[in-house]
Amino acid sequence: MNTKHLLRPAALLLPLVILAGCPSVGNVPQAGGDWHNMGEANNGNFMLAVDKNSIKRDGQLVTFRDRKIVVDMQEERFINVPPYKTAINNWEIHCGNKTFRLTASTLYDDTGKIISDEKYTAVDIRPMAIPPNSLTEEQRKIVCAH
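Under mature numbering (1 follows the signal peptide of the UniProt record, and there is no 0), read the sequence shown as residues -20 to -1, 1 to 126, first letter to last.
Please note that the accuracy of each hint is not assured.
Stated by the list, open to error - Distance windows between CB atoms, simulated:
| # | residue 1 | residue 2 | range |
| --- | --- | --- | --- |
| 1 | His16 | Pro111 | 14 to 22 angstroms |
| 2 | Cys124 | Pro62 | 31 to 39 angstroms |
| 3 | Lys99 | Asp38 | 12 to 20 angstroms |
| 4 | Arg37 | Ile95 | 17 to 25 angstroms |
Hints in this document: simulated from the structure, not taken from any laboratory.
The structure displayed is predicted, hence computed values, not measured ones.
No residue lacks a Cβ here, since even glycine has one placed at the ideal position from N, Cα and C.
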């Protein structure tokens, strides 16, 4: 497996450590769903939402998708990912162990065109502990209560 393939998911995980208020979003790929705004991250340059319609539970394991919108692409440093406007990511959260991992990511440019579509196995990305007081912890509360 090459390093570029491993670093891409890490770059997508970075915004999950901050939670704040979130304004409404404009014209972005919706990919269906019932999007619940979660806040913003990366100094307000990422707007984050969870698709409540995507939440599926199997015992302690919950899968769902989230959406990250880059507010100002010129202000963002895209490391190990192509410059994107919107990311729709699929996640697994283990409610009992309080771990999470990325399972898929689709990146869109500012016109809504798909520029990257990746899927990840448990070997590609191992489950990670959910940091306390993080956006991921807020997501865990929502999806594990579902």
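We went through each hint and held it up to the structure:
1. At roughly 20 angstroms, the beta-carbon separation of His16 and Pro111 lies within the given 14 to 22 angstroms, and the hint holds.
2. With their beta carbons about 32 angstroms apart, Cys124 and Pro62 fall inside the hinted range of 31 to 39 angstroms.
3. Range check, Lys99 to Asp38: Cβ separation about 19 angstroms, and the 12 to 20 angstroms hint holds.
4. Our hint of 17 to 25 angstroms for Arg37 and Ile95 is violated, since their Cβ atoms are close to 31 angstroms apart.
The earlier numbered hint that this structure contradicts is number 4, and it is the only one.
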